[in-house]
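Engineer: So the sequences go chain by chain: A and B.
Numbering-wise (the numbering used here), the first sequence opens with residue 23 and increments by one.
Numbering-wise (the numbering used here), the second sequence opens with residue 23 and increments by one.
Be careful, since some hints might not be right.
Since the list gives no way to pick out one identical chain from another, each pair is judged satisfied if it fits inside one copy or across any two copies.
Stated by the list, open to error - Below, computed lysine to any residue pairings styled on SDA-like, alpha-carbon distance capped at 20 Å:
(1) Lys361 x Pro277
(2) Lys361 x Asp279
(3) Lys361 x Trp282
(4) Lys361 x Ile274
(5) Lys361 x Thr280
(6) Lys361 x Gln276
(7) Lys419 x Leu82
(8) Lys361 x Leu405
(9) Lys419 x Leu132
(10) Lys361 x Gly273
(11) Lys361 x Ser272
(12) Lys361 x Ala417
(13) Lys419 x Trp282
(14) Lys419 x Arg357
(15) Lys361 x Val372
(16) Lys361 x Gly348
(17) Lys419 x Glu137
(18) Lys361 x Glu259
Just so you know, the hints here were simulated from the structure itself, not pulled from any lab data.
Protein chains: 2
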Amino acid sequence: VEAGQRGMVLNLAADLHPADLALLMARLPTEQSHTAFSWLPDAQASEILLELSDSQRRDLLHTLQPERLRRLIDALDTDDAADVLSDMSDAQALHVLPDLADTHDVAALLEYDEESAGGIMAREFVSVPPEWTLEHVIEAVRQHASDIDDIYAVFVVGANDQLEGVVSLKDLMLAPADRPVRTVMDRDVITVGTDMDREEVARIMERYDLVSLPVVDATGGMVGRITIDDVVDVIREEAEEDIQIMSGGSGIEQPDDTVWAVSRGRLPWLLVGLFGAGLSGSVIGGFEVALEQAVVLATFIPIVTAMGGNVAVQSAAIAVQGLSSGDIWMDDLGRRILKEMGVALLNGIVLSLLLCSAVAVLNVGHVQLLIATLASTMLTVILVATTNGALVPFALKWLGIDPASAMGPFVTTLNDIIGLSIYFMYATLIYL
Amino acid sequence: VEAGQRGMVLNLAADLHPADLALLMARLPTEQSHTAFSWLPDAQASEILLELSDSQRRDLLHTLQPERLRRLIDALDTDDAADVLSDMSDAQALHVLPDLADTHDVAALLEYDEESAGGIMAREFVSVPPEWTLEHVIEAVRQHASDIDDIYAVFVVGANDQLEGVVSLKDLMLAPADRPVRTVMDRDVITVGTDMDREEVARIMERYDLVSLPVVDATGGMVGRITIDDVVDVIREEAEEDIQIMSGGSGIEQPDDTVWAVSRGRLPWLLVGLFGAGLSGSVIGGFEVALEQAVVLATFIPIVTAMGGNVAVQSAAIAVQGLSSGDIWMDDLGRRILKEMGVALLNGIVLSLLLCSAVAVLNVGHVQLLIATLASTMLTVILVATTNGALVPFALKWLGIDPASAMGPFVTTLNDIIGLSIYFMYATLIYL
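For reference, chain A alone in the conformation it holds in the complex (with noise of 0.2 Å):
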């Protein structure tokens, strides 16, 4: 298709929606995708600026020219070209930034930490006074078609933008034209400030099952408005850093990432890892004459290491989650760990018992020692390690870090010193 056919790649762009025409030029070789991209007209250009991952983006904008960066910043709604301008070099940024139509706008918006709510709003909304009759409002909106892509209800603003209340797009069909909007509107409106974690905005947007939500200032005034297919994003990306966090990864790690990025993001915990392993080593190391005498007892050390990860992982798991979608509350936490220690008691008993059956199978070392030491190890380390992994997804709350990182390598190889100190410290007094 690129072998400049430029009408025909315009004709098959002409049918086809951005999300997959960005899709598409993701895959085509660079040098190609920014030709086809200079080939595009200007609405549909702007549309794929916002689909292209960071990246792509930030090596498409470097191509192009002031004027025609200009042009396509211009046809986004304010939230999307701070985006788009947040992604640009500061000096790039700071030549397009006065020539836009909105600068004033986009340069509030671009204040406002991207994790908050006035960092994903949109300066973009159709308000209008509370006297207004239904069909001044109606007016209203159809001047405000064109450059707001989704108008999904209008705000009632009074003096000094204080909003007091909101009508959907449905109610305003409904109700008679000449009735004032005071008389139509919700007075009972769901707001969130500017400073709110966008989390949060995505929790609350959920919970009640809003579309749009107004986002106000310190003073209660109305600056703007957050929509739902933002806050689509919001969640998926805060699930995704979760998984990454968990994982030991940088939390914002991206498929297309170089080497490089890659490597270097990774690391951190990497090195966390080694020198948390180097302890376990040297927990081993310390009992090296028990060891010596047995050296049967080294075979256990992946079982005991094992359980006491997989335990703790399971019971950290469900506490993050219900910490992170609101389920679960900060002074839950007594009652947590009870159950959780019940649980522990269950299964540690069911796996010590299997273990112990498989020892006295296979008859190995002085079996009846051998049996006491893995039994009283394997309870002990299940109800600790479980323990642990319920109580720091709190404690990091409570510490204002991510509870995510409970499932991290750092509390897993924690959790591993605990459990080998345990099982040598088991082995001397009962086996040796």
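Let chain A serve as the given structure and place chain B on it in line with the hints.
Structural biologist: Leaving out everything else, chain B in the frame of chain A:
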């Protein structure tokens, strides 16, 4: 509050959003929450049914009279009614179902798999023939406004329920009222089939920023629609499921499950873990003679298993995430593995250098041979484990298994076994 003060409770409740009320009820002792629920008016009570967790809802449903239950379920949209019915015992559901106002629709919904588009769609939607004028269409919306909660768009449907187009409320409001809807509607409608997986549905709505998505049957006739609020719940639930699968949970554990249910859900993976760790142990056991000659080798067991496990989970995380979000395709396998090997080589060299320096400083065992053994082991294990981590999610997806399992206990255990085998092989070849 629950000292029998019915009037006061109802006053308080009237001001609260159902989601908040459900949360309050969940914190009350079971008895009291059931009493409070029996006091609430039907309209509020039915909304609360939706907001409760599955197990709370199941408990509550048992206490309700069939007549009240019927009224509450009738007040719900068909998709929500089907959800509530599927939480009842079969006997109770069969008792209530035939008396519902929408018996036919609800029964039809219950036929679909809960994980499919059919399982999350609602049967309520506004559909009009293509020749109607907009005025006529608005009248239709007015008639449905009371029994359909969220109307974002009107579907234009021709002969045999064939979907011909869609009009958003915004467009409906803005075009002249005497135009036929045919001339205003958007003909490029994205639809999904009833049996599409709900995760795929979520991805489509997310990708194309849709708030409402029509569902069609095998003949192309429109049978329902899915709204964004349902999909937001799907995204959250699927993310939680992934996290649980990664951490060796059942995938469906809830914070308020009983100890017994939790224990049973977690045990299968622990058994897999125990069996796998037993195999790892037997690898160590197989080299018992080697260990007896040099107990110092045991010290490095945790480092070998921890490093292998960490790098595998890191590389699996990004593959799982990419496959689930659609950023990575099945045919990217070769490229991903090459890239991951690059990362593994870089990080492997850094980690080996660090470990070997530490060993050199501590001067343990036959230092030079030990360093040679460890450096070879680290590089090989990190390369192999990283490749495994990148490969397994693709293999699982190909087999139709959730790629998230790649980060669970099974694969971690497999890596331990491979890692330890490599370690003792090198140890025998180089160190002894």
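Engineer: Which hint numbers does the structure go against, in order from smallest to largest?
Structural biologist: Checked against the structure, the hints that fail are numbers 7, 9, 13, 18, while the rest are satisfied.
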